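There are 2 protein chains.
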Amino acid sequence: MTKVRLGIIGFGTQGGAYAGFIQEGRVKNMEIGALCDTDPAKRAVANEKYPNIPFYENYIDMLDSGDVDAVVTCVPHYLHPEMGIESLKRDVHALVEKPAGVYTKQVKELNEFAETKPELTFGIMFNQRTNELYQKVKKIIDNGDIGGIRRTNWIITTWWRPQGYYDQSAWRATWEGEGGGVLVNQAPHQLDLLQWICGVPKKVYSNVKYGYQRDIAVEDEVTTMLDYGNGATGVFVTCTHDVLGTDRFEILGDKGKIVVDDSKKVTIKRLKQPESELSDKMSMQDMAKLSAGGNMGEIYDEEVIEFESVWGAQHTAVMENFAGNILDDEPLLAPGSDGIHGVALANAIHLSSWLGKEVELPVDEDLYLAELNKKIAEEKQMDN
Amino acid sequence: MTKVRLGIIGFGTQGGAYAGFIQEGRVKNMEIGALCDTDPAKRAVANEKYPNIPFYENYIDMLDSGDVDAVVTCVPHYLHPEMGIESLKRDVHALVEKPAGVYTKQVKELNEFAETKPELTFGIMFNQRTNELYQKVKKIIDNGDIGGIRRTNWIITTWWRPQGYYDQSAWRATWEGEGGGVLVNQAPHQLDLLQWICGVPKKVYSNVKYGYQRDIAVEDEVTTMLDYGNGATGVFVTCTHDVLGTDRFEILGDKGKIVVDDSKKVTIKRLKQPESELSDKMSMQDMAKLSAGGNMGEIYDEEVIEFESVWGAQHTAVMENFAGNILDDEPLLAPGSDGIHGVALANAIHLSSWLGKEVELPVDEDLYLAELNKKIAEEKQMDN
Chain D
32 MTKVRLGIIG
42 FGTQGGAYAG
52 FIQEGRVKNM
62 EIGALCDTDP
72 AKRAVANEKY
82 PNIPFYENYI
92 DMLDSGDVDA
102 VVTCVPHYLH
112 PEMGIESLKR
122 DVHALVEKPA
132 GVYTKQVKEL
142 NEFAETKPEL
152 TFGIMFNQRT
162 NELYQKVKKI
172 IDNGDIGGIR
182 RTNWIITTWW
192 RPQGYYDQSA
202 WRATWEGEGG
212 GVLVNQAPHQ
222 LDLLQWICGV
232 PKKVYSNVKY
242 GYQRDIAVED
252 EVTTMLDYGN
262 GATGVFVTCT
272 HDVLGTDRFE
282 ILGDKGKIVV
292 DDSKKVTIKR
302 LKQPESELSD
312 KMSMQDMAKL
322 SAGGNMGEIY
332 DEEVIEFESV
342 WGAQHTAVME
352 NFAGNILDDE
362 PLLAPGSDGI
372 HGVALANAIH
382 LSSWLGKEVE
392 LPVDEDLYLA
402 ELNKKIAEEK
412 QMDN
Chain A
32 MTKVRLGIIG
42 FGTQGGAYAG
52 FIQEGRVKNM
62 EIGALCDTDP
72 AKRAVANEKY
82 PNIPFYENYI
92 DMLDSGDVDA
102 VVTCVPHYLH
112 PEMGIESLKR
122 DVHALVEKPA
132 GVYTKQVKEL
142 NEFAETKPEL
152 TFGIMFNQRT
162 NELYQKVKKI
172 IDNGDIGGIR
182 RTNWIITTWW
192 RPQGYYDQSA
202 WRATWEGEGG
212 GVLVNQAPHQ
222 LDLLQWICGV
232 PKKVYSNVKY
242 GYQRDIAVED
252 EVTTMLDYGN
262 GATGVFVTCT
272 HDVLGTDRFE
282 ILGDKGKIVV
292 DDSKKVTIKR
302 LKQPESELSD
312 KMSMQDMAKL
322 SAGGNMGEIY
332 DEEVIEFESV
342 WGAQHTAVME
352 NFAGNILDDE
362 PLLAPGSDGI
372 HGVALANAIH
382 LSSWLGKEVE
392 LPVDEDLYLA
402 ELNKKIAEEK
412 QMDN
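Chains as they are written, first to last, in the working numbering: chain D, 32 to 415; chain A, 32 to 415.
Calculated directly from the structure, the hints in this document are not laboratory data.
It is possible that some hints are incorrect.
[Stated by the list, open to error] Below, in silico cross-link-like pairs of lysine-lysine (DSSO-like), each with a Cα-Cα straight-line distance of 27 Å or less:
#  : chain 1 : residue 1 : chain 2 : residue 2
1  : D       : Lys73     : A       : Lys320
2  : A       : Lys139    : D       : Lys234
3  : A       : Lys286    : D       : Lys295
4  : D       : Lys234    : A       : Lys233
5  : A       : Lys406    : D       : Lys295
6  : D       : Lys405    : A       : Lys296
7  : A       : Lys234    : D       : Lys296
8  : D       : Lys233    : A       : Lys295
9  : D       : Lys388    : A       : Lys233
10 : A       : Lys233    : D       : Lys296
11 : A       : Lys296    : D       : Lys320
12 : A       : Lys295    : D       : Lys234
13 : D       : Lys406    : A       : Lys296
14 : D       : Lys80     : A       : Lys320
15 : A       : Lys234    : D       : Lys233
16 : D       : Lys388    : A       : Lys286
17 : A       : Lys406    : D       : Lys286
18 : D       : Lys296    : A       : Lys406
19 : D       : Lys388    : A       : Lys406
Just so it is clear, the structure is predicted and the values come from calculations on it, not from any experiment.
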């Protein structure tokens, strides 16, 4: 095998984009093996654009066809785990879309099944992990450049979604159809990056607004406090109603600070000695003198890096890395089993708001599912 | 009377600075009436610098002397309310330092007493209210330029305090001596400004770290979530251990956004129509086109204002305004009775962390005082 034949499950916006990337040759080690969508109307569109590519209405048929070596799941979140399992069961490599699922219980089943198939590649579309900017930030943290983390603060509100977006399908922004709003749909990348870079929080307390600025059942605004259990704290804010979106991520460490603006610019301040040592040997007057004299450079170095980013480049990078793992054992940037962390954090944020109290991670998965099912039941009752 | 004769109670760093401002003629309608400090050693310093100014060791003697028309209280926080009351009782105008007190119960007594003396001027040293930048921000909010507030977010960590600062006196950073740390000592201005500009929150939930990065009993780090009771939310973060301090205040409204950086630069984005109308009539594709074409100017105007600020100018402005109110009924920028809001918020933040749950404002003042007294008792026990 020189190229991985990818089966794309779900030929909507995302699936269509992936097909386009491959067709344009942007994923060097992949070709389109087959397309699949439960909507028969998509067949005509697929045949016109990709006349020589087989089209299936049932993904199981596609898995059994021998047309594909691997699949990607561009379908509603709830379906990701079962599709991942069915694929792996048939020795077809699986790249699941984010989020890995809606609740950890189902994601755990996927992970456990994947463990029984170590010879297969199981990845997740955490395309932001291939973003050089976040790789750089992770490296700085992992290197200990800014020391142990004291505080994280991410305001990420750059995904404005108008009412029309929510109205486009009946399942959008419902508990039954998506299992949440901004947390499961827009923010999973940041929920992943935050933990990938800064570690998994131990406790969260949240204030989540359901249908605050949009006529939807699920959340369009989230404010969360994180407790890392070692003294470090964090704040995570996201929403879909800020048309003047902010994306600002600050990490304070024992030996410096990183600020990421607009996922484009990284400002790194590295202290020449740990803050605790400065505290022990400098007076406020010493510091005021440094500051007034414009000599703060005596205590830290500043590095500013600007990154260019092209939409899609990160998706194709994940696809290429996924195929590279299948073909040449290239290390996976986003192992599928990592998908559970973001789901666990999203579940904890929901649960904290439902219970009105701080919750520990991992949350009780049966309790979460019971509460989620209550939301689904309430939603159905309101529809009737 | 053409100039107000000010009695300065407490001839330490702050009291000494105020004396200097007046002596240098920076407060045009004030003169130094008398100086006062319980430390007899300060008399020599005072006599040398201000040879013709009377010095008292007991502030009651100063109040009774006829040497002063007004006083300012540059003494530990706990003493502000009683000194305010004793002054007003003797028909001496009172400018209390921030915070107005340590707990609302004592501040309420001061406010209630001041109400019985409406002919006297009762002010508080909220010098940041005279900062043109915050006046501008308040005006924009009050004018409705950015519509109703949806979210506030202030990270204010620009007051680094080394261990030596805390070690300079036995009462510093103790429950008995100061009644708190960063909340009562460094952050009162922001706790005031936040409410002055954005309104009083209805509920708070906090994660407060006591002696986190410094060897102190009180708090050196605070993370708080605010709930304004009308859907609007907020986050307030402060600490004294960030030598690379951040000062970033963001306010999101229905019709725009304000970001204040470093208390120097204000960026105002005013939407040409409310966000809810954009949500109703624009699609994601419309917005993506505007954004990709660099045409976001079609939906908002941006204004950036840079301010210069000189340390001390804001203190002298409060003093001048206070004297102006005494002499010419000039409207008070910072009425003393406003001091209770910041104390109430600080109390709520402490109490939420002590009880481990969200608390409503105003907090039960007896409960707060009982909990504070427990901290004082614990502290004493540890000293023994």
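**Message:** Next pair to validate is Lys234(A) with Lys233(D); report whether the Cα-Cα distance is within 27 Å.
**Reply:** holds, 24 Å
**Message:** Can you confirm whether the C-alpha distance between Lys295(A) and Lys234(D) stays at or below 27 Å?
**Reply:** Since the Cα atoms of Lys295(A) and Lys234(D) sit roughly 35 Å apart, the hinted pair is violated (cutoff 27 Å).
**Message:** Can you confirm whether the C-alpha distance between Lys296(A) and Lys320(D) stays at or below 27 Å?
**Reply:** This hinted pair holds, its Cα atoms lying about 23 Å apart.
**Message:** Hint check: Lys233(D) vs Lys295(A), CA-CA at most 27 Å. Holds or violated?
**Reply:** Violated: Lys233(D) and Lys295(A) sit about 37 Å apart, past 27 Å.
**Message:** Hinted pair, alpha-carbon criterion (27 Å max): Lys406(A), Lys286(D). Please report holds or violated.
**Reply:** Violated, at about 32 Å.
**Asked** Is Lys388(D) close enough to Lys286(A), meaning Cα to Cα at most 27 Å?
**Response** violated, 32 Å
**Item:** Straight-line alpha-carbon gap Lys406(A) to Lys295(D), limit 27 Å
**Value:** violated, 46 Å
**Message:** For a C-alpha distance cap of 27 Å, please report whether Lys405(D) and Lys296(A) respect it.
**Reply:** violated, 47 Å
**Asked** Holds or violated: Lys234(A) with Lys296(D), Cα cutoff 27 Å?
**Response** violated, 35 Å
**Message:** For a C-alpha distance cap of 27 Å, please report whether Lys388(D) and Lys406(A) respect it.
**Reply:** This hinted pair holds, its Cα atoms lying about 24 Å apart.
**Message:** Given the hinted pair Lys139(A) and Lys234(D), is their Cα-Cα distance within 27 Å?
**Reply:** Violated, at roughly 37 Å.
**Request:** Verify the proposed pairing of Lys286(A) with Lys295(D), using a straight-line Cα cut of 27 Å.
**Result:** holds, 26 Å
Hint compliance for this structure: hints 2, 5, 6, 7, 8, 10, 12, 13, 16, 17, 18 are not met, and every other hint is.
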